[in-house]
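Peer 1: Starting from the given sequences, assemble the full structure and let the hints guide the process.
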Amino acid sequence: MIDNSTPFRVKKALGVSMMSLLLFFAALPTLWVLILSFREQSAMFEPIWESPLALTLDNVINLTRSDFPHALMNSFITAGCATALAMIVGVPAGFALAKSRLSGKFYASWMLLMLRMAPPVGFVIPLFLLYVSGGLIDTYFGLIAAYMTLTLPLIVWSMWNSFAQVPDELIEAAIMDGASLPKAFLLVALPAARPGAVAAAILGFLIVWNDFFYALIITRSSTATAPVAVMNFISYDSVDWGSIAVASIALTLPILPLMMIANRYIVQSLSGAVKG
Amino acid sequence: MISKTPPQFRATAELERAYRAMLLPAVFAVGLFAIIPLAGMFALSFSDYHLIRGAKWEFDFDNFIRLFSDRRLANSVYVMSVLSFFGVLSQVLMGTAIAVGLSKIVGKWRAGRVLFLLPYAVPHVAVALIWLSLFTPTLSPINAFFDLFGVTVPSFLTTQNGALFAIIMADTWTNFPFTMLIMMAALQGISPDLDEAAALDGATRVKAFFYITLPLLVPALLMVTLFRFIDSLKHFPMIFVMTKGGPGRSSQATNYYAYIQTFQNSNVAYGAAIAVSLFIVAALISFYVARLNQRITST
Numbered sequence: 001m002i003d004n005s006t007p008f009r010v011k012k013a014l015g016v017s018m019m020s021l022l023l024f025f026a027a028l029p030t031l032w033v034l035i036l037s038f039r040e041q042s043a044m045f046e047p048i049w050e051s052p053l054a055l056t057l058d059n060v061i062n063l064t065r066s067d068f069p070h071a072l073m074n075s076f077i078t079a080g081c082a083t084a085l086a087m088i089v090g091v092p093a094g095f096a097l098a099k100s101r102l103s104g105k106f107y108a109s110w111m112l113l114m115l116r117m118a119p120p121v122g123f124v125i126p127l128f129l130l131y132v133s134g135g136l137i138d139t140y141f142g143l144i145a146a147y148m149t150l151t152l153p154l155i156v157w158s159m160w161n162s163f164a165q166v167p168d169e170l171i172e173a174a175i176m177d178g179a180s181l182p183k184a185f186l187l188v189a190l191p192a193a194r195p196g197a198v199a200a201a202i203l204g205f206l207i208v209w210n211d212f213f214y215a216l217i218i219t220r221s222s223t224a225t226a227p228v229a230v231m232n233f234i235s236y237d238s239v240d241w242g243s244i245a246v247a248s249i250a251l252t253l254p255i256l257p258l259m260m261i262a263n264r265y266i267v268q269s270l271s272g273a274v275k276g
Numbered sequence: 277m278i279s280k281t282p283p284q285f286r287a288t289a290e291l292e293r294a295y296r297a298m299l300l301p302a303v304f305a306v307g308l309f310a311i312i313p314l315a316g317m318f319a320l321s322f323s324d325y326h327l328i329r330g331a332k333w334e335f336d337f338d339n340f341i342r343l344f345s346d347r348r349l350a351n352s353v354y355v356m357s358v359l360s361f362f363g364v365l366s367q368v369l370m371g372t373a374i375a376v377g378l379s380k381i382v383g384k385w386r387a388g389r390v391l392f393l394l395p396y397a398v399p400h401v402a403v404a405l406i407w408l409s410l411f412t413p414t415l416s417p418i419n420a421f422f423d424l425f426g427v428t429v430p431s432f433l434t435t436q437n438g439a440l441f442a443i444i445m446a447d448t449w450t451n452f453p454f455t456m457l458i459m460m461a462a463l464q465g466i467s468p469d470l471d472e473a474a475a476l477d478g479a480t481r482v483k484a485f486f487y488i489t490l491p492l493l494v495p496a497l498l499m500v501t502l503f504r505f506i507d508s509l510k511h512f513p514m515i516f517v518m519t520k521g522g523p524g525r526s527s528q529a530t531n532y533y534a535y536i537q538t539f540q541n542s543n544v545a546y547g548a549a550i551a552v553s554l555f556i557v558a559a560l561i562s563f564y565v566a567r568l569n570q571r572i573t574s575t
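In order, the protein sequences belong to chains A and B. When we follow my numbering, the leftmost residue of the first sequence carries the number 1, and every step to the right adds one. When we follow my numbering, the leftmost residue of the second sequence carries the number 277, and every step to the right adds one.
Simulated from the structure, these hints should not be mistaken for laboratory data. Hints should not be assumed to be uniformly reliable.
[What the hints assert, rightly or not] Below, simulated DSSO-like cross-link-like pairs (lysine-lysine); rule was C-alpha separation at most 30 angstroms, straight line:
1. B/K520 / B/K510
2. A/K12 / B/K483
3. B/K510 / A/K105
4. A/K11 / B/K483
5. B/K380 / A/K12
6. A/K11 / B/K380
Peer 2: What follows is the structure, encoded as structure tokens:
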């Protein structure tokens, strides 16, 4: 047992080795995918220490020649549009929910949470049938519309939280001064809640960027997003590990800066709710 | 005519109307994009629609009765429970341990926490592919390393427990940073005076952690566990990429099973019934979370 009689440096050594072990677990897959992406095809299945210098840019070049860049573009388009549309509709709604005296707000919050937690398969089955009969399979319009089911509840919910932190007095004062409600919203409330709005947009973008399931069902080759297109490197008889590794990095790099901005907000929104 | 409504009140009523106008587009959009598909899911779950055979459009409870005698569904619930329980448990334990560890680190080493955040940024398909490569014996550096000592690492993805273990590893790797972030924030909210007071009273640091810090972390732990648990019910990319539900059906979680029934077996109506059951679970949990949230924000 570790108690007061255990010397301090023993405890410290224990803590340091524990943290190192956890760091190893966290870092190994990242290092591994970096190694794989620059490894020569012929050396792929050799232990890394037998041919550490079998490095090449072939995997990167192969990837740029495949249809993966097009799929990345599709990801940008769908995530961007689904987020922008949901912001236009969702930000005013979040404001109204936070500041109005509407009854039934509890049910609104329940419904928003429910939509966020609902299994995607439930949305996808009816959408798929609808899209097949309406010719919307493998169209940008269909995909973006489907992604609204993900982005809209998320954005309304987080804007509701952000606007709730804007003091009521600020808006009341603007209205006393003769501003209409839309004006008070645009000129007073929205600037005050801007960090929250940026974060909501980022979270909306990320949730679409990361999605695999919707795109798997309702896209074919022309609007396939990057998470679906990466599966093309796996065929029945072989797996192109080099391309998969580069594609994994290409999937992560564009959202890395967004993630670093958003993680501060993830904490604020959740821990804000926890602390009250 | 002179209105009897006081001007103050009239202004409020006008304001409320303006608020409602701002809400309207979102109500319309949610109705169009979310409620219509959900209504479709409920309708399909009572129908007899089959992707190839079509439907006679007879609505009854047959699909829901079938749920209770479906052993593959029972298996999928077992798989889902194992994945959720061990996945969430390991994420919460690991995230909390790292948060506590990082809180003790001062100076330039603090920047190291970015390394712990990185896995959270990797999209789930990429996570699944990376871990698939680590669990592919001919490719994996782990297997190669143990081969040096003549130890053959078993092929995880070919046994049930191994496959579940592999999915839990991948899931833990990408999601522990979420727990870590929340627990770091919760730890920062605890006054260091409390620890000092405990030390003055003669408590050991271990005791101080378990009797003072940990109880204060309970609300954050509860919230994090709930959020992770809800997400864990939606397992899909990792199963799809790493195991395809296999070997056999041994890693088919319920969400994945609904997909198989709908899109591989063409049993759309039955798949919808499974989805409805999952939806009801999600609705109950979200009711609890909404209540929790209401209680927290109203105090």
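Peer 1: All hints, please: hold or fail.
Peer 2: These are the hints, each one checked on the structure:
| no. | hint | verdict |
| --- | --- | --- |
| 1 | B/K520 / B/K510 | holds, 15 angstroms |
| 2 | A/K12 / B/K483 | holds, 17 angstroms |
| 3 | B/K510 / A/K105 | holds, 27 angstroms |
| 4 | A/K11 / B/K483 | holds, 14 angstroms |
| 5 | B/K380 / A/K12 | holds, 10 angstroms |
| 6 | A/K11 / B/K380 | holds, 12 angstroms |
The structure is consistent with each of the numbered hints, conforming to all of them.
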